[in-house]
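Chemist: Order-wise, the sequence lines are chains A and B.
For the first sequence, this note's numbering begins at 108 and goes up steadily by one.
For the second sequence, this note's numbering begins at 9 and goes up steadily by one.
Do not rely on the hints blindly, as some may be mistaken.
Quick list of in silico lysine-lysine cross-link-like pairs, DSSO-like style, CA-CA up to 30 Å [stated by the list, open to error]:
#1 A:LYS296 x B:LYS76
#2 B:LYS351 x A:LYS309
#3 A:LYS296 x B:LYS441
#4 A:LYS355 x B:LYS76
#5 B:LYS351 x A:LYS296
#6 A:LYS309 x A:LYS296
#7 A:LYS351 x B:LYS76
#8 B:LYS351 x A:LYS169
#9 A:LYS296 x B:LYS468
Treat the hints as calculated values from the structure; they're not laboratory data.
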Amino acid sequence: MSEFEYLRNVTVGQYIPTNSLVHRLDPRTKLLAALFFVLAVTTTRSVLATLVVIGLLMAVTKLARIEVRYVLRGLLPALPFIVALMLMQLLFQGRYSTCAVVLFEWWFVRITPCLVELVILGALRLVAFLFLVSLLTLTTTASHIMHGIESLLAPLQRSGLPVHEFALANIIALRFIPTIAEEMERIAKAQASRGGDFGGEKWYRPDRIARSRLPLLVPLFVNTLRRAEELVTAMEARGYWGRKGRSKFVELRMQQIDWLALLACLALWLLIWRLPWPGLYNFN
Amino acid sequence: MPPVIRIENLHHTYQRESGAVQALRGIDLSIEPGEYVVLVGHNGSGKSTLAKHLNALLLPTQGEVWVKGWNTRERAHLREIRSTVGMVFQQPDNQIVATIVEEDVAFGPENLGLPRAEIRRRVDWSLEQVAMQPFRHRAPHLLSGGQKQRICIAGVLAMQPEVLVLDEATAMLDPQGRKEALDIAWRLNKEQGVTIVAATHFMREAIHADRLIILDEGRIALQGPPRELFQQIDRLRALHLDAPHVSELAQALHRRFPAFPANLLTPQEIADAVIGCCERREEERERQGWGEARRGGNEEEKETPISNLQSSISSSPSLPLSPLLSLHHVAHYYMRGTPLQVKALEDITIEVFPGEIVGLIGHTGSGKSTAIQHFNGLLRAHEGKVTVLGQDLNDPAVDLRTVRRTVGLIFQMPEAQLFEQYVGDDIAYGPRKQGLSREEVRARVQRAMEAVGLPFAEFKDRITFGLSGGQMRRVAIAGVLALEPQVLVLDEPSAGLDPQARRQLMRHILDLRSRGVTLVIISHNMEELAEICDRLYVIADGRTVMAGTPAAIFGAADDLRAIGLDTPDMTQVAEALKAQNLLPADVVVYTLQQAEEAIAALLAQRAAFAASNDAGSDRS
Numbered sequence: 108m109s110e111f112e113y114l115r116n117v118t119v120g121q122y123i124p125t126n127s128l129v130h131r132l133d134p135r136t137k138l139l140a141a142l143f144f145v146l147a148v149t150t151t152r153s154v155l156a157t158l159v160v161i162g163l164l165m166a167v168t169k170l171a172r173i174e175v176r177y178v179l180r181g182l183l184p185a186l187p188f189i190v191a192l193m194l195m196q197l198l199f200q201g202r203y204s205t206c207a208v209v210l211f212e213w214w215f216v217r218i219t220p221c222l223v224e225l226v227i228l229g230a231l232r233l234v235a236f237l238f239l240v241s242l243l244t245l246t247t248t249a250s251h252i253m254h255g256i257e258s259l260l261a262p263l264q265r266s267g268l269p270v271h272e273f274a275l276a277n278i279i280a281l282r283f284i285p286t287i288a289e290e291m292e293r294i295a296k297a298q299a300s301r302g303g304d305f306g307g308e309k310w311y312r313p314d315r316i317a318r319s320r321l322p323l324l325v326p327l328f329v330n331t332l333r334r335a336e337e338l339v340t341a342m343e344a345r346g347y348w349g350r351k352g353r354s355k356f357v358e359l360r361m362q363q364i365d366w367l368a369l370l371a372c373l374a375l376w377l378l379i380w381r382l383p384w385p386g387l388y389n390f391n
Numbered sequence: 009m010p011p012v013i014r015i016e017n018l019h020h021t022y023q024r025e026s027g028a029v030q031a032l033r034g035i036d037l038s039i040e041p042g043e044y045v046v047l048v049g050h051n052g053s054g055k056s057t058l059a060k061h062l063n064a065l066l067l068p069t070q071g072e073v074w075v076k077g078w079n080t081r082e083r084a085h086l087r088e089i090r091s092t093v094g095m096v097f098q099q100p101d102n103q104i105v106a107t108i109v110e111e112d113v114a115f116g117p118e119n120l121g122l123p124r125a126e127i128r129r130r131v132d133w134s135l136e137q138v139a140m141q142p143f144r145h146r147a148p149h150l151l152s153g154g155q156k157q158r159i160c161i162a163g164v165l166a167m168q169p170e171v172l173v174l175d176e177a178t179a180m181l182d183p184q185g186r187k188e189a190l191d192i193a194w195r196l197n198k199e200q201g202v203t204i205v206a207a208t209h210f211m212r213e214a215i216h217a218d219r220l221i222i223l224d225e226g227r228i229a230l231q232g233p234p235r236e237l238f239q240q241i242d243r244l245r246a247l248h249l250d251a252p253h254v255s256e257l258a259q260a261l262h263r264r265f266p267a268f269p270a271n272l273l274t275p276q277e278i279a280d281a282v283i284g285c286c287e288r289r290e291e292e293r294e295r296q297g298w299g300e301a302r303r304g305g306n307e308e309e310k311e312t313p314i315s316n317l318q319s320s321i322s323s324s325p326s327l328p329l330s331p332l333l334s335l336h337h338v339a340h341y342y343m344r345g346t347p348l349q350v351k352a353l354e355d356i357t358i359e360v361f362p363g364e365i366v367g368l369i370g371h372t373g374s375g376k377s378t379a380i381q382h383f384n385g386l387l388r389a390h391e392g393k394v395t396v397l398g399q400d401l402n403d404p405a406v407d408l409r410t411v412r413r414t415v416g417l418i419f420q421m422p423e424a425q426l427f428e429q430y431v432g433d434d435i436a437y438g439p440r441k442q443g444l445s446r447e448e449v450r451a452r453v454q455r456a457m458e459a460v461g462l463p464f465a466e467f468k469d470r471i472t473f474g475l476s477g478g479q480m481r482r483v484a485i486a487g488v489l490a491l492e493p494q495v496l497v498l499d500e501p502s503a504g505l506d507p508q509a510r511r512q513l514m515r516h517i518l519d520l521r522s523r524g525v526t527l528v529i530i531s532h533n534m535e536e537l538a539e540i541c542d543r544l545y546v547i548a549d550g551r552t553v554m555a556g557t558p559a560a561i562f563g564a565a566d567d568l569r570a571i572g573l574d575t576p577d578m579t580q581v582a583e584a585l586k587a588q589n590l591l592p593a594d595v596v597v598y599t600l601q602q603a604e605e606a607i608a609a610l611l612a613q614r615a616a617f618a619a620s621n622d623a624g625s626d627r628s
């Protein structure tokens, strides 16, 4: 309905507190579980198996007491990319297909059943990934995700990787997403109020689209840089000197249910990976 | 006890591309433990720079600063200095680090390397100090500005500082938020003995201070107890500052009635002084019962104080014209159709007639800003009807671009929308988009700039981002004026400006009326609205709850307070007098002149009495 509500369609990064079982899991469990799901999706070449994984994700969504429809709508903005990717594969990948059967051939385009399966699989994998990321952020606060990552990567800190700095930078970035989205919305409205219009340009003129966005982007950058400067001052005033001598407030604890969930996800991955899932065609 | 902060001959010079800027030129200052100090000065007076020296965020170019005996130049003591002097800044949004309230409060103690149990104890304690425990697991971006600032204060308190520096920490807050923040500072000072140093634009905030320090051009121009400084009105004016209205009132009354003390600071003190003056006259008691009589029979007047509000909303002014703009029973939802759906507006009815100045009053979050976005079609009404110049905006055939040219909308902090390098180009953005000829664009830019007091020849080629805050705001307003709208809607036009820039801006805005522009103004500054508006609408919880002339609205001060809104100081003075039955309840007071006249009339009968007492009570 509203052309200015930028926050509304962004499901990624929005936390919905329903205090379900999924919400209460340790963030490390959820991160590792997500990893197993990613492994499951990437190690299988079966469309059916990928569908099973997506089905399971939907079941987890139900378990988290979040509407599947809501998550799916959050994926809509990614649809153009998925379609574009599918088209590219369809146009350019066919030449490398080893499938004997050819459905259609013209100039460099060659479409085979294996290719069709591959394209569908690719799209489903993308959907699965996006769904997974959405689900993770819907059920886990950004700060818990970062604390989880920091804790999982902590061993790398010793080998000189700036894990703490990375986690803090990410928390701050996540913290500012809604602030900056609101600011963007305000700037867009302000420019519209003085006769600016955005969105009238034809999609095949990216140069014009970019130019018309300048009145949005320039103030956004100016203001964000100012914010960054003020934030640094405020952090310094609160005694931040980097990781040295810092203690931690948030405490993460693995419960029995966490280990069970992890085990289940590991089993899922192995099943998806190792079982002889039926595929329509075997492509290489 | 030795001073907690000692400053000797402090100079600070910023190196800018345009050359060196001397922000501080020789400050000598000692702050005692437990003191409440307020720094006042207009923009560029150096108060923020001085504040940043107090915990070594800046180091002196010349001179020394000691915090509890540690020189701020010694890096070895930085940690001690920063945990001794905590600082809260202007923009709460830009100080919060974490995505969860309690984690943000824990950030400081974490930096100090405290054990987890101690951090938890301090987080609990400081959230309690600012009364924000119920919000500890919330995401900060869902809180109001005042709440966010309280979180920032809690974050500093968790480091258990001895000195709390508030660097214009109230400038961006609404009156409610400002009051909350100041109450906390005051309580910390009185109960915990925390030393407070507050830099601010607002003289009113100095009322409770032990010491007021006025900075000008990087030097201390005046310092002393606020009660004394407020009386030097001429010197304050010379520094482009004003004494609070209450103090001005006391002084005006003192000039007329020398027995009346000139050094009063709060509405209650004024009322007490009047009572002290009148109490001995028993006939005053006869006036009792006025209040009750008024309440019942208040229908006879045109300007009716509205106590039961819903019925009065449709009452339009006695103008024979049809409204230029109107919202009728408008409702609006944010995030509609998602689990996060919020009802922003429930039932808003506003009418704006040609040539009027209409004011909108309400808390932050009451829906005012959402409501005005319906005026030019930025938001569409989910229920109800929006009409602009007779066109129904729900009709998809209406060209919104024309509507937006008719109704100019200026947002809060409009300088945040500027994007062109040169002032002239930025203002020309709208007219150019409209496809006007080069000459017409130029003429419009010129007219718009002159309307806001920016001489065309002098400013059109200035770099936009090099202007002062007040100038940038005027450029942004000119950018909308260049569309030559019939109605100009301004959301908090003077927020965050210092009093001087504020006065200047309001004068230009009022001049627009004589150019035939109808104005709608949202403001938290009740004094400002009381003086300039023809009619006011009060909005609370997404509903229009009161409508009428300033006299009608401020006459119903109880209703305003019931919604939790502030009333002008002068109304508070009158209320205090009414409570003692010294003023009849039907006297409506909201400006300085009205208050002066009303109280003068009251005191006039006692002039002889007062004069006879002159020698005894003139302590000022």
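Chemist: Regarding the pair B:LYS351 and A:LYS309, is the alpha-carbon distance no greater than 30 Å?
Modeler: Violated - the C-alpha atoms of A:LYS309 and B:LYS351 are around 35 Å apart, more than 30 Å.
Chemist: Can the restraint linking A:LYS296 and B:LYS441 be considered satisfied, given a maximum Cα separation of 30 Å?
Modeler: With Cα atoms ~15 Å apart, A:LYS296 and B:LYS441 stay inside 30 Å; holds.
Chemist: Hint check: B:LYS351 vs A:LYS296, CA-CA at most 30 Å. Holds or violated?
Modeler: holds, 20 Å
Chemist: What's the verdict on B:LYS351 and A:LYS169, does the C-alpha distance respect the 30 Å limit or exceed it?
Modeler: Answer holds: B:LYS351 to A:LYS169 is near 26 Å, not above 30 Å.
Chemist: Would the hint linking A:LYS351 and B:LYS76 be met if the CA-CA limit is 30 Å?
Modeler: Between A:LYS351 and B:LYS76 the Cα gap is close to 25 Å, so the pair holds against 30 Å.
Chemist: With the threshold set at 30 Å, check whether the alpha-carbon distance from A:LYS355 to B:LYS76 stays at or below it.
Modeler: holds, 29 Å
Chemist: Could you grab the alpha-carbon distance between A:LYS296 and B:LYS76 and see if it respects the 30 Å cut-off?
Modeler: violated, 50 Å
Chemist: Is A:LYS296 within 30 Å of B:LYS468, Cα to Cα?
Modeler: holds, 25 Å
Chemist: Would the pair A:LYS309 and A:LYS296 pass a check requiring their Cα atoms to be no farther apart than 30 Å?
Modeler: Holds: A:LYS309 and A:LYS296 sit about 21 Å apart, inside 30 Å.
In this structure, the earlier hints numbered 1, 2 are contradicted, and the remaining ones agree with it.
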